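Enquirer: Residue-level listing of the chains:
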Amino acid sequence: MTQFTIYINGGSKKVKVDEDTPLLWVIRDELELTGTKFGCGKGLCGACTIHVNGIETRSCQTPIDFLDEDDEITTIEGLSKDSSHPVQKAWIQHDVPQCGYCQPGQIMTASGFLSRNNNPTDEDIDNAMRMNICRCGTYPRLKKAIKSAAKEIQDG
Amino acid sequence: MDKDHLISRRSFIKTASLIGSGFAIGFNFVQAKRELNSEFSPDMYINVLSDDTVVLSVSKAEMGQGVWTSLPMLIAEEMEVDWGKVKVQQISKDNFIGTGGSMSISGYGWEKMREAGAVAKQVLVESAALKWKVSPMECIAKNSVVYHQKTRRSTSFGSLVDKASKVKIPNSVRLKKPSEFNLLGKDMLRTDSKIKVDGTALFSMDKNLPGMLYAMVERPKYFGAKYKNSNLEQIKNQNGIIDVFLIPSGVAIVGEKYWSVVKARKLLKVNWEKKLNPVFADSKIYRSHLDKLSNGKSSKVRKDGSPSKIFKKAKDIIKAQYYLPFQTHAAMEPCNCVVNVSDRACEIWTGTQNPDNAITRASKVTGIPEKNIKLNLTFLGGGFGRKSFNDWIEDGVRISKHLKKPIKLINSREDDTKYGFARPSSKHNMSAVVNSKSIKAWKHIVVSPDPLTGNAANQYGASIPILKWATSIGIVKNKIRNYLVTDGAAHIPYDFENVSVKASPFETDIPLGFWRAVFHSQNAFANECFIDELAHKSEIDPIQLRLSHLKNNVRSTKVIQKVADESNWGLVLPKEHFQGFAYHNSFGSHVAQVVEVSIVDNRVRVHKVFCSVDCGQTVNPLTIRAQIQGSIIFGMGATLNSEMTVKNGRVNESNFDDYPVVRFDESPQIKVFILKNNEKPGGVGEPGLPPIAPAIANAVFAASGKRIRKLPILSKDLS
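Note that the protein sequences, when read in sequence, are chains A and B.
Going by this note's numbering, 72 is the number at position 72 of the first sequence; the sequence numbering is gapless.
Going by this note's numbering, 624 is the number at position 624 of the second sequence; the sequence numbering is gapless.
Please keep in mind that the hints were generated in silico from the structure rather than gathered at the bench.
Since the model is a prediction, treat every value here as computed from it, not as a measurement.
Which stretches of chain A does chain B cover? Using the computed rule of at least three CB atoms under 8 Å from a CB of chain B, they are: (1) 38 to 49; (2) 103 to 114; (3) 124 to 134.
For each residue, glycine too, the CB sits at the ideal point set by N, CA and C.
Use the sequences and the hints to build the structure in full.
Expert: Here you go:
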C-alpha cells in the first residue's frame, strides 16, 4: 500500500491504499464520502461521476495514482453548501429523484457540462447526459431540470 | 364516508412519550407475530413535538415510488397537519410488511394511514378541549392548530403534547369526504429530494461500521452446480485478504478493503461440478420446450361461453404466437448489505422489499431468535421486484456469522446481472374468431414457468416464503397454481362472450422471479398486439374495435377516449411518423397509451408517448406522473434494447454493455393525462408498463407493415 495526499472538496486528505485503487473506493470507503455511487464498475452507467479539476470523471475508472498532486477533486458533498448549486435546486424544484441512487452522478455530470455550456441545445443535453443511466426513468424531469438550471446559471 | 369509521381491532394503538418533549401514538397495523422487543414497538407512529414538528413514520420501503411522500400525505390530510412541519422517518419494525404489487397506497395506506391521521387529530382536539374545559365537538383542527371558535381561542399541536398523552384513544373516527381534501390530489414535492441531491440519503451501500470488512461471493458458474475444488488457500494469502471460505451459495472472499477483494477474486479459480441434465437451462432448449408445450395440453384457467364450439364452426380462425424474452432488473444499486452477527444478536442494514422474510432467514442461518435480529431498512437504489428475494442477505449473514465480525457484502454489476431472478420468458398462443366486426371468440394459452412454484424458486430457498409474501401483499390473491402466469390474460377487460384462457406452467433450473408489472408485462403484449391484428384483418380501427367490447366499462372507455383525443389518433402526423395504441388494466388502474414512432435504418425511434391513466382517487399526481413516465421508459428498454439469454446453464449478459437499457437520448417526450374521479385508489408503480411494448409493436406495424411477435424488436426483424 502507498500513501497518497489528495485534494478533495477544498481540503487535503491522506489515504493509504493500493496504487491501482479506483478513486471511487478511496472516496467512499477511506474518506467515507458515500454520495458518490458504485453502479457498474466499468464506466458504463455514470453513477460514480465526480469532478477532477471541474471535468466530469468516472471515479470507478480512475486509479488513485493517475492523479497529479495539484488535481482538485469535487464530489457531490463538495458541490455546494446546503444544496444551493443551481443544478441541485432545479432537481428539487422539478421533483427529479425517484430511488435517487444515480442522482449524485447525474448532478455531477450536469453541473460539469453546464459550467462549460450554459445555453445548451437539446442535442447538447442528450450528448452530455447519455452516459448516465437512470433505471427509474427520471429522464423527462432531468431534461426539464437541466434547462431550468442552465437558465439560472445564465442569469447569474 | 360520513359515518364514523370504526378503528379495526387489529390496529393496536398506544400512546407514549418518545425521546424529546413530545408525545407519540403508535399503531400496530400488522399483527405482531413475534415477541416484541419493547413495550412500545409500533409498526407506524405519529410523533408530535412541542415545537410543532410532526414526525411521521413510513414502514413501506422507499425504492423511488414515493411512499416517503404519499403515505405521510394521507396521514397529514386527516390529521390536519401543516405540511411544512412534517418530518418523515423510516421505521424498521421486525414485522413490517413488504413492498410490491403496487399496493402501498391501494392495499395499505389509503385506509390505514388516514385512520391513523384521524386518530391523532381526535386526540389533539380532545386535549385542547380538556385544556379549555369545552366540548371537543366545538373544536376544529386546521394547519396544526386547534381552534375553539366560540371563545376565539386557538392553540398549536405542539402546545398540547403534555395533555395528549393523557387522552384516551377514540374507538371510532370520522374520515374526510373527498370534497374536503386539502392535500390529496395535489402535486406535492417529494420529501426525500434534498437528501437525494446532496449525497446524504442512506442506501445500505453507504453504511459503514467500525472494523467492517468487505465481502464478495463467487457463485456457481452454472445453475445448480456444486463446488468441487479451488485454489482457495492461495487466495487466502493475497494482500489484504482476511479469509476465503465456502458458504452454500459459493465461495466467500473477505478482505480489509473492497479493492483487495476484487483483485483476489480475479485470481480465484473454482471447478464446479455441473448439475446433470439441468432443466431447460439454455435459451434454445427452453424455447423449443415453449413451442412443444404450446401445442400440447394445458390447464383451464377461465372459460366463458362455448369457445370450442365457436372455433369448431368457424370458417376463419385468426391465430398468432408471441414470444417474450427473459429480463433481468438491473436496478442501479447492486444487491448489498451490511451485517453484524455476534453471539446473541444480529443486525442487518439493507434495502429489501421483503424484510420479514429476511429476518426469518437470518434467524434460521444463525440460530439467533428472531426477536434478537434487527433489520434496518435503508433506501433501495431501485427494486423492481428483484429485492424481494433476499438471497444476498442470507449470504451476508452467513459470512458475518463465520467471522463474527461486521461485513459489507457487495454484488458486482456482473453478479447482479448473472445471479438474479429473471422475468420468465414466455410464449402466448392466441386465436380468435371475428364476425361482423366483432370478436366472437378469444383463446389465449400462456406457456411459462411460474416463479412461485418452480424448481428455481425451491432451489434458491425462495418458494414458500416468497409465496407467503406475495400473498400477504396481494400479488397473489389465492393460491391457484396458474394464477400468476395468467395475470392480465385471465382478467382481460374486454366483454368477449366466448373466452378460453389456459396455462402450461413448467419447471426450469433458471432462477425466475417478479419483474416490474409481473405477468401483466407479458400478457398485455399478447392481448394488445393480437387485438390490433384482429382489427387490421377485419378493417376496423383498432381503438374502435376495443371500445366496441368495452361498452359496459365506463372507466376504460373514458381512459381510451382521452388518449385518442389528446394524441390526435388517426389524424395527420409528421412525415414518416406512425402511431400505435394499447390499453391494459392492472393493479387496480386503467392505462391507455398512444406512441408515435419512426423507423430509420431499421431502428425504432419512439418520439412521443401519450398516456392516460385512471387510478381512482389520486394522492400525489406529481408522483403518479413520475411513476408512469418511469414505467414507460423501463418497459421501452425491454421492448427495444435488452434481453437476458441463457446458454449452457448460465446467463450470457453481464453489465450495461451487453444488457443495454434506455438512455437519456432515447427517452421520448411523455405526456401523462390523469383522469379524476373518487374511485378506490389503484396502484401506480406498475400499471404504466404493460401497454408500452404492444403500443410500440403496433406502431411498428403501422410504420412498416411488419408484425412484431417477438421481443425485443431487433434491426433484423425490420429489414
